[in-house]
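Student: Here is how the chains run, residue by residue.
Protein chains: 4
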Amino acid sequence: MYKENDKFKEECGVFGIFSREKIDVSLLTYYGLYALQHRGQESAGIVVSDREKLISYKGMGLVSHVFNEKVLNKMKGISAIGHVRYSTTGDSSIINAQPLLTEFKLGQISIAHNGNLINADKLKNNLKKEGSNFQTTTDSEVILNLIAREKKKSIEEAICEAAKNIKGSYALVILTKDKLIGIRDPKGIRPLCLGKINNNYIICSESCALNAVGGEFIRDIEPSEMIVIDNNDIKSIKFSNERKYASCAFEYIYFAREDSVIDEIEVYSSRVLAGKELYEEHPVNADIVIGVPDSGIPAAMGYAEASGIPYGVGFVKNKYVGRTFIAPYQELREKNVSVKLTPLKSNIENKRVIVIDDSMVRGTTSKRLVNSLKKAGAKEVHFIIASPIVRHCCYLGIDTFHKKEIIGSSMNIEQIKNILGADSFYYLSLKGLHKVLGGNKNFCFGCFNGEYPF
Amino acid sequence: MYKENDKFKEECGVFGIFSREKIDVSLLTYYGLYALQHRGQESAGIVVSDREKLISYKGMGLVSHVFNEKVLNKMKGISAIGHVRYSTTGDSSIINAQPLLTEFKLGQISIAHNGNLINADKLKNNLKKEGSNFQTTTDSEVILNLIAREKKKSIEEAICEAAKNIKGSYALVILTKDKLIGIRDPKGIRPLCLGKINNNYIICSESCALNAVGGEFIRDIEPSEMIVIDNNDIKSIKFSNERKYASCAFEYIYFAREDSVIDEIEVYSSRVLAGKELYEEHPVNADIVIGVPDSGIPAAMGYAEASGIPYGVGFVKNKYVGRTFIAPYQELREKNVSVKLTPLKSNIENKRVIVIDDSMVRGTTSKRLVNSLKKAGAKEVHFIIASPIVRHCCYLGIDTFHKKEIIGSSMNIEQIKNILGADSFYYLSLKGLHKVLGGNKNFCFGCFNGEYPF
Amino acid sequence: MYKENDKFKEECGVFGIFSREKIDVSLLTYYGLYALQHRGQESAGIVVSDREKLISYKGMGLVSHVFNEKVLNKMKGISAIGHVRYSTTGDSSIINAQPLLTEFKLGQISIAHNGNLINADKLKNNLKKEGSNFQTTTDSEVILNLIAREKKKSIEEAICEAAKNIKGSYALVILTKDKLIGIRDPKGIRPLCLGKINNNYIICSESCALNAVGGEFIRDIEPSEMIVIDNNDIKSIKFSNERKYASCAFEYIYFAREDSVIDEIEVYSSRVLAGKELYEEHPVNADIVIGVPDSGIPAAMGYAEASGIPYGVGFVKNKYVGRTFIAPYQELREKNVSVKLTPLKSNIENKRVIVIDDSMVRGTTSKRLVNSLKKAGAKEVHFIIASPIVRHCCYLGIDTFHKKEIIGSSMNIEQIKNILGADSFYYLSLKGLHKVLGGNKNFCFGCFNGEYPF
Amino acid sequence: MYKENDKFKEECGVFGIFSREKIDVSLLTYYGLYALQHRGQESAGIVVSDREKLISYKGMGLVSHVFNEKVLNKMKGISAIGHVRYSTTGDSSIINAQPLLTEFKLGQISIAHNGNLINADKLKNNLKKEGSNFQTTTDSEVILNLIAREKKKSIEEAICEAAKNIKGSYALVILTKDKLIGIRDPKGIRPLCLGKINNNYIICSESCALNAVGGEFIRDIEPSEMIVIDNNDIKSIKFSNERKYASCAFEYIYFAREDSVIDEIEVYSSRVLAGKELYEEHPVNADIVIGVPDSGIPAAMGYAEASGIPYGVGFVKNKYVGRTFIAPYQELREKNVSVKLTPLKSNIENKRVIVIDDSMVRGTTSKRLVNSLKKAGAKEVHFIIASPIVRHCCYLGIDTFHKKEIIGSSMNIEQIKNILGADSFYYLSLKGLHKVLGGNKNFCFGCFNGEYPF
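Residue numbers (this note's numbering), protein chains in the order written: chain A, 3 to 456; chain B, 3 to 456; chain C, 3 to 456; chain D, 3 to 456.
Please note that the accuracy of each hint is not assured.
Which copy is meant is left open, so a pair is good if it fits within one copy or across any two.
Heads up, simulated DSBU-like pairs for lysine-lysine below, C-alpha to C-alpha not over 35 Å straight-line [what the hints assert, rightly or not]: (1) Lys405 x Lys131; (2) Lys321 x Lys166; (3) Lys153 x Lys107; (4) Lys381 x Lys154; (5) Lys55 x Lys124; (6) Lys246 x Lys437; (7) Lys76 x Lys124; (8) Lys321 x Lys169; (9) Lys246 x Lys169; (10) Lys126 x Lys155; (11) Lys246 x Lys381; (12) Lys342 x Lys278; (13) Lys405 x Lys419; (14) Lys246 x Lys406; (15) Lys181 x Lys337; (16) Lys78 x Lys347; (17) Lys419 x Lys433; (18) Lys369 x Lys154; (19) Lys72 x Lys126; (20) Lys342 x Lys419; (21) Lys130 x Lys179; (22) Lys72 x Lys321; (23) Lys321 x Lys240; (24) Lys179 x Lys76; (25) Lys347 x Lys321; (26) Lys369 x Lys24; (27) Lys179 x Lys405.
It should be emphasised that the hints constitute simulated quantities derived from the structure, not laboratory data.
Excised from the complex, chain A in its bound form (with noise of 0.2 Å):
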């Protein structure tokens, strides 16, 4: 597939869902993936409970891809959970791809991750020391061998304790053939929500799931909560005392889609408000705002309203690429051969134009859109950011690139305008961030500072 390799990428979503009435857990798994599929493009599994045993099934690719109306019909049950996927590099194979499926001494279990252990190398080589073996390179296997190790007779308890040994950032769900269990990192870095359809509970990545399958945001998970569900029941475990948050601002700027509310922030509305921010620490004059699809479209419309400046459509996006889109060679993309974004010249022509981006990690594509702007007659061209510029990796759960291709670590902005070849070029600051995300709430800012939770 084309793929724009200019931002971070999301590693994972997940979803599960208990049903305590007739209803089609599998079918609303897919749908519920679908709904996430933003999260992870790469593979995409569901695993269901039939009340004796797991179905598994999984496969590379986008959620409609992997499976169809022949597959889930097979995977009848009265719960399930499911994952999306996009891979780091090297190990996007099958294998993989999760919900991982296993069975050890208290019966079947499966668990889908999102997340990244910091201490993951650690734990493994000490499960080795003690005779386990790993046939994936996934962070979940770790914790099934953690969870399979523990002596406790319930799966819940032999849960919290592998819960405690383990540090990073996880949302998770965990399937047995008669619970379905959500569990949130003491520091809340990763999302994870419950939810409802009647009297059939969900737990997922983003609360846009729950509205695409027709349900009810309940509440937040916590962080270092544990949320256990049966046919009786739905318990809450704190499993740790510490619970400090420390949510991923990234989730609000880029990552989450724009109708999820995550820990009591709107996604789409923090995006318009980083934009009237943006206008407060960088009132630019100009005839127009634009931004870029999609993700920058929200903070234009906001800068927008702040200045009074008309917001305009200014690239029209190409809705077909496909899995196997030839991307224009270095040559004709030299010539303008553009695919997936075409500059509306009415909007752009003889205009000088503020074009808002959600971020910026590389800068390769934005040095494109300016030169196609400019090409469509722009008389100007402002390049603002609606967030602080990224200067370092993450390791919690971002596909990041090595630190020397983060354009912000090794430039000033003089010099990325300069690159980028715009009038001018500005982005939000931290603070402005921090304050358009409410101020009152920890968020790691780890790829902006540098200071990571851990």
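Based on these hints, arrange chains B, C and D on the given structure of chain A.
Tutor: Leaving out everything else, chains B, C and D in the frame of chain A:
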């Protein structure tokens, strides 16, 4: 594929290129077709001339699905034509995929057609009587047989003669081993334009395809005009004295991509203008104006600007619908499983909402959207259509429904409002539409008023 | 696919069925084509008549690959024709797959052809002059155009007239909405026979297809004979006075399946007889007689029986060569990586071996087989061919090589023996072959002696 | 795929190669597995060591379907193991495809297994108690966990220790980054042999795979023997004192390819001998002896030789059954639609026919064959089985049926004869089989007499 089958469907897009420099004609045709993909998603095809012979490759599905680098590498040449197709019911087999390629007394000829002949059956019967046989059910094959039977010595003359016999809408690109020909019907019903990249000429359905390949727009091809391009020359031939425009108004309303300029009217601007005109005709009091993605957005922005009511994002669109997506069955749809468009609650809740869509044919999706907005907490929903309401079928190259499926053919405004469950329902007047489109040219408004150019 | 490209290739097989009872005509055509699969493996197609219209489905590859139950379930009808094809170089694209289906003044007509017209180019040029165009490069399309241009009122008459104009080999099955027609050229070069299941008639290339579908053989269709089957009647029409047999001898030697009976000669028995005759002509002293699988086996058994030398299995054949098998490159072949045939050491070691193959065209595989027998410990290897050596190309429906690739066109026995590395090399005389085939009928021996029936 | 599910099914084939010269180990493993394809057609896999790490590729289907040149080109290395698998019911998913690849405290290890552990469940439960978890349902994963838990310092020692704990049949090839290990259970139930190409060693299930890759046979691996090959050395380790042969007799009767030599017995010769012995036991008077292709052929030839009755081809086999072949439904089968084997009428009609098949398990195909011979005109049909009749299930690596499906478990000769519709029915005595196999070694005859080696 999951398709909203609520609207008219465009039937085809065409693209042709003739190189006088060393450029990759098949790859550029691929990008050109990709930019025209919105005009047809069921089959795609390219025919290349390597100066000696024509080479064809066609398949079912999207451009990016049908073609890959291996295939295109075998299609080197000096000129090419391509076609994307949305087939009407029943005949979507590969045998009908275009361009058609055939050999007749003057050599090989390939043809790609956008439009619909209204005298095809009659011509076909006459040709059969003379001994022709037909392997496809396309109008293009009728045109090919007409050309093959002409006594003229040159291919241009043969095509001109054939053109005099056919009636209806057609924008054609035709390839022979050493010529590229473009031709547009005497009423200019379907769009066709001329462009170039350096010294290489392009003829295509919409100017957006020129932008996509880095080319520049020269001019629209006129009604009754044939353009003949070969290695030395570019000629314009007027094959009929009839030159009275009756361009399809729906191209502006819905079919064409918003960054195209057709017959000197900017598609995007015409849509914004329609929104402004709508406010003139139907000023509604509300808290927010939203558009139905994607083609309702510009009109919504126009309405917002004219009215002073803020414009906002109303629906979030899932970008990942694949070819084999499992559509929710009735029961799930009633339970609000929403696959493609999810309301953005924070912009809807407790608000009086104006929703603008580009057009209304069957109205089934509209009903669902109104319902989902109500469930998302809208206090009022005012549904406004940025074009006159469709009341008649089209006979000129658009896939329409049975008349009884067209909601406007049997219901009045009040009835439609009630069916939609909206608080009010309005649409643009025909006079308003004509004003928006400039007013000084003629258009085909057949589907609105039943008056066709033939 | 890995193919032994050492031998002539048959080009096509045809099958047609007309039901008067409720039977599944498309499924029976599927099984019929499957039994004729040895006559062509590159494309397969079926056209069904549901009494109102003809429905076509074609694809590249084996019958079992192209068709599935879903496709066949959509092809219900009262009659059907089918075709399997091995295409000659260059034109193996889907556009040339048969049956061709077209519509002309007398209705829809579909045609499946086994054979080769020698005046196709001339006919095509004449037709072009009269205004025909050609979308394929098949002879069948020439025949269709001839039929379409006939002035006759009935389809039978039109076909008869067309048949008078074509020259070469043809065994055709033709389908209209209410008739099944079979026709065989005046020299009977390609086989065609008539059979039935209860009251339902079948016309097909070889009787083995009748056996496969549980039908019974009625008789061969005669040279210059046209059989017309409809709901009431089965008619035999003699469309030409020429009825001099010149059947292709290679059908008996190699092409036809051994359980077929063609023009009253049992294929299997003729091959055993060839082995016996071989011994009469070339008695060799040895310890074992082996055959090259599969078509060399019966002759080896005949030779063994006549000579009293024991027959034994000489090569074990791997049954699992798939479509995408990776053929060993030269270096590996030299290292004796043997993919399809492995010598059975226990029957070869320390023995004087007679190997019988059905025919020799290029001789490349033969050389490899002799080498592998020597490596397996054979003391002597005597290579004997159960047919005369091929010296000429075929113009009547068989895919042959360039003359220079035909080993017998430029080398004598001694040279071939040396190239093969065999201890002796013999082949059946033309007289011997004629004797084996009965001697009282005429055959086309063109590839052996250069004397063609035209 | 259309499968005759009438017979036992072998479950697996293994192949391993260690190079000391520059050869293409993955391509040779591909050809080796291809030669072992008869041992398993549902999945195929190869793991290669490039000296630093192990690289795995597996898929469902035939070797030629799973692998292509692109895949193999990415698998360059110094050593490799491969596996083909026929899975038992229910668990034919990709997760169970072999070789399994895992990482434990001593590094990466990959294992491919032919056989069946009879104490797998017990071992698995013990391992679970100690904290192991299981992602597959294969015995191989049990072995891997045993190895991972051993305290030994070297991988050879760990494997030896593990081998002492497992009970049942196993022929294993094991790969680490610098070693290839082969190991055979103490009763030698499944075959395993050692060979070489120049200075490069091979360990594989059957010697036919050596022939296929141009290698030479060195010797069988002995019961309780482990062979360890690295860059410097080839060691033989005896891991248990038990060395009492109990080889599976069915390897000779049906599973193994006829050009293999297993434990010094030639498979082909043993089958011919079985035919001769059959005649000693059951001399029948008839006109022709035919064999059921493919594995009944050698015994038929043996019977013919011993009896003096001529051997002839009785059935013609269709070679083109593909993966998705549509099997004829009951009604068509009753109408004699015969898909795979068609009687050769000229050898059958008006004759007293002896048909020899290798074995009988369910008898359903046999019944159909007798019926088809009668319809082809056989005067008498005598059905004779070249092995004792199966009466019991197998627990040692063969896919057997429910006992009630095994015709010999509940019926006597007379009853079977009547069910088949044959004029007589005989089979080889157990004593006769033992004589055929040499008589001086022990075999597992469990499926015949219910006496298993454990």
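Student: Could you place Lys321 and Lys240 in one of the four classes (within, between, both, neither) given a Cα distance threshold of 35 Å?
Tutor: neither (44 Å within a copy, 37 Å between copies)
Student: 35 Å Cα cut-off: does Lys179 pair with Lys76 within a copy, between copies, both or neither?
Tutor: Within one copy, since 16 Å is at most 35 Å while 40 Å is not.
Student: As a check of your reading, is Lys321 near Lys166 (CA-CA no more than 35 Å) within one copy, between copies, both or neither?
Tutor: Neither. Shortest intra-copy (45 Å) and inter-copy (38 Å) distances fail the 35 Å Cα cut-off.
Student: Check Lys72 against Lys126 for me: Cα-Cα at most 35 Å, and say if that holds within a copy, between copies, both or neither.
Tutor: So Lys72 and Lys126 pass the 35 Å test across copies only (33 Å; inside, 38 Å).
Student: Quick one: Lys405 to Lys131, C-alpha cut-off 35 Å, is that within a copy, between copies, both, or neither?
Tutor: Answer is within; shortest intra-copy Cα gap is 33 Å, inter-copy 45 Å.
Student: Using 35 Å as the alpha-carbon threshold, which applies to Lys246 and Lys437: within, between, both, or neither?
Tutor: Intra 19 Å, inter 61 Å, cutoff 35 Å: intra-copy only.
Student: First find the shortest C-alpha distance between Lys246 and Lys169 inside one copy, then the shortest across copies, and answer within, between, both or neither for a cut-off of 35 Å.
Tutor: within (14 Å within a copy, 53 Å between copies)
Student: Under a CA distance limit of 35 Å, which applies to Lys153 and Lys107: within one copy, between copies, both, or neither?
Tutor: both (10 Å within a copy, 22 Å between copies)
Student: Is it within a copy, between copies, both, or neither that the alpha carbon of Lys347 lies no farther than 35 Å from that of Lys321?
Tutor: Close inside one copy (19 Å) and across copies (24 Å); limit 35 Å.
Student: Please work out whether the CA atoms of Lys78 and Lys347 approach to 35 Å or closer within one copy, between two copies, in both situations, or in neither?
Tutor: Cα proximity of Lys78 and Lys347: across copies only (32 Å, versus 52 Å in one copy).
Student: With identical chains, the pair Lys181 and Lys337 could be close in the same copy or across copies; at 35 Å between alpha carbons, which is it: within, between, both, or neither?
Tutor: between (57 Å within a copy, 25 Å between copies)
Student: Using 35 Å as the alpha carbon limit, work out where Lys246 and Lys381 are close: within a copy, between copies, both or neither.
Tutor: Neither. Shortest intra-copy (48 Å) and inter-copy (38 Å) distances fail the 35 Å Cα cut-off.
In terms of the numbered hints stated before, the structure departs from hints 2, 4, 11, 18 and 23, listed from lowest to highest.
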